[in-house]
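Got chain A sorted already, so can you dock chain B onto it with the hints?
For reference, the chains in residue letters:
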Amino acid sequence: MEEPFSDDTLLARWLAGELSPAEEQELRARPDFAEYERLARAATRLSAPEYDIVKELERLRQRRQTVRKPSRPRRWLPYVAAAVAVLLAATIFLWPAPEQTILAAAGDGPRSLQLEDGTLIRLNAGSRLTYRNTDALRLARLEGEAFFAVAGNGQPFVVETELGEVRVLGTRFNVDSRGERLSVTCTEGRVGVTPALGDTTYLLTAGAAVELQAGRTPGVVAADTLLATDWLTGRSIFRSRPLAEVKAELERQYNLQITLDPGIDSTQLLTTSFPNQGPSTAALEVVFGALPDVSFRQSGRRVSVTTSR
Amino acid sequence: MAESVAGVCAEAVYEGLFTRLSPALYRFLYYRCGDPALAADLVQEAFLRLWENCARVMPDKARAYVYQVGQNAFLKTKARGRVREKYRLRVAPREATTEDPQFTLEEAEFAERLSQALTALPSASREVFLLNRVDGLKYREIAELLGISQKAVEKRMHRALVELRRLHGEI
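The listed protein sequences correspond, in order, to chains A and B.
Counting in UniProt numbering, the first sequence runs from 1 upward without gaps.
Counting in UniProt numbering, the second sequence runs from 1 upward without gaps.
Looking at chain B on its own, in the form it has when it is part of the complex:
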């Protein structure tokens, strides 16, 4: 039996957390920065910090920890002016598959225009909208991740849809 290790220092625990949390954290950061390479780097940053502090972070607190570190790391990068301004967020429709027969070509085109409209949306609304629609997070969960109230999340969500409808019509 492996010796008892504090927090998330055990290899299996730590890597299990990475497997479970990293894809969603990546998307969370991607929705914010719009740069896939930067989002992946920020995920690495967050998990390295988790490793350095593994003895002090309990497994059930690890999620909140890496999201917090990831957001802080992004803000730091941005403050240093290292975010490529020209990068535009691209959330594209998945390809139509035989498993999803209702996803017709017309639907795909509609989604493509939606993807374009999303890039013009204010980032605060866009982030909430994508976390809910693409990642299936509940408003309460989004509120926790962003450190804002659930009411504020709902307002951003509502605004996102109103704006999207306007933008979508213009494209």
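Just chain A, same shape as in the assembly:
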């Protein structure tokens, strides 16, 4: 009734799209192939019981107050606990009004927001978000960068940006809308991205990204989700990005004004990463210290970068 398989990883590699043409042919010729195909597809529609991340985060906060961090001296504990409580009160917003704008100022670090439907938003430094709940949809207008964990309630969640809109089909995703570039990365579930010019919708599944840039044809690519959500872990990570982009992120994270000497090529590609917290000098040192023949001087918020040749 059932033919044996020539290889005990065949179906696994078929799903990963890694079969040789001969193997593919062998598999497709099997009478039971259609059933495997249908099972594999049906499985993607399954989901585990709902996880209430908002409730769980709250529970964690309360339990965390009771654990002692061995790395901290004991006499600081009451102060630490108090500071944590104040920080939490200051960084988590509940959104009562029908429309509100939240700003994460440059140098202030990311801010956490929670919508009344349970949606969690983390807004990166130097970003602005306006949110409105109409009857038909939940509408967020974003300038800058934010990560969304959207609570599904049947009402579509739409993020508008200058270059296009992102329509959520129930899920988690990162939107980076800065300058001439819109980059959307889906880390869970599915989202649709529609450029402001044009009517194609790019459908992203988990692990996929689309980048819209003036003068370039957009395309859906495999995403480095870790890289796209780097800032959630408190670091900014760059892989072959122009110096100008790295400089702009330094300015946003630390609220600096950085002037580059005209002799420095701001289009040169850098692979680097810097912390988003701590002394700004450390971050500046990481970026500019690695460039040959370049030095920087900092006075207050102003930083000038010069060639030392």
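Think of the hints as simulated: they come from the structure by calculation, not from any bench.
The beta carbon of each residue, even a glycine, is placed where N, CA and C say it ideally should be.
Each hint should be verified, as a subset may be incorrect.
Here are a few chain A residues that face chain B, going by a calculated C-beta distance under 7 Å [stated by the list, open to error]:
1. LEU11
2. ALA12
3. ARG28
4. GLU35
5. LEU39
6. ALA42
7. THR44
8. PRO49
9. LEU120
10. LEU232
11. GLN277
Part of the chain A face toward chain B, derived, beta carbon under 10 Å [what the hints assert, rightly or not]:
12. GLU56
13. GLY109
14. TRP231
Sample of chain B residues with no beta-carbon within 12 Å of chain A, all distances over it, derived [what the hints assert, rightly or not]:
15. GLN44
16. TYR67
17. GLN68
18. ALA73
19. LEU75
20. THR77
21. LYS78
22. ALA117
23. PRO122
Coordinates of chain B only, in the frame set by chain A:
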């Protein structure tokens, strides 16, 4: 500017990690234990341990850390006999929505039978199958999380499909 803090001790970093990692970790543990309340508790356990050791864990190592602690905590719970044996894993099809018109009633019924077949699958195969199909993890990533070879993951995946087809036909 906030003072510099080691590892993941900064509030924003720590909570960012929780927001990013906890739902997937929850599902990972749920696929293993089949009990949603226990899976949520294990996630709490893992993140409390991360907080206690925050100075020693760098952000890029946090994921591996909480998965490891979560798995160990589950094994401990199991050794103490605190896992409710009667609990049966339930991975149900999502409701059909207008956003997914291809998901017809017939498809939903098919998926429901698949969900039943999954409970009869050996847990090692089931875990791999769900992590790949539902969570979209690559075999390499699953291998890292489970601490086994990618080849072993592929074998479990293959076996899962063969078994599922058999079980699905019987339901």
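Against the structure, the hints:
1. LEU11: 4 Å, holds
2. ALA12: Check passed: Cβ of ALA12/A comes within 4 Å of chain B, closer than 7 Å.
3. ARG28: 15 Å, violated
4. GLU35: 5 Å, holds
5. LEU39: At 6 Å from the nearest chain B Cβ, LEU39/A passes the 7 Å test, so the hint holds.
6. ALA42: Nearest chain B Cβ about 4 Å off; hint holds.
7. THR44: 5 Å, holds
8. PRO49: Holds. Min distance 4 Å.
9. LEU120: With Cβ-Cβ at 6 Å, under 7 Å, it holds.
10. LEU232: With a closest approach of 4 Å, the LEU232/A hint holds.
11. GLN277: With Cβ-Cβ at 5 Å, under 7 Å, it holds.
12. GLU56: 6 Å, holds
13. GLY109: 6 Å, holds
14. TRP231: 8 Å, holds
15. GLN44: 6 Å, violated
16. TYR67: 15 Å, holds
17. GLN68: 18 Å, holds
18. ALA73: 14 Å, holds
19. LEU75: 20 Å, holds
20. THR77: 17 Å, holds
21. LYS78: For LYS78/B, whose nearest Cβ neighbour in chain A is about 19 Å away, the distance exceeds 12 Å, so it holds.
22. ALA117: 9 Å, violated
23. PRO122: Consistent with the label, PRO122/B stays out of reach of chain A, its closest Cβ about 15 Å off (over 12 Å).
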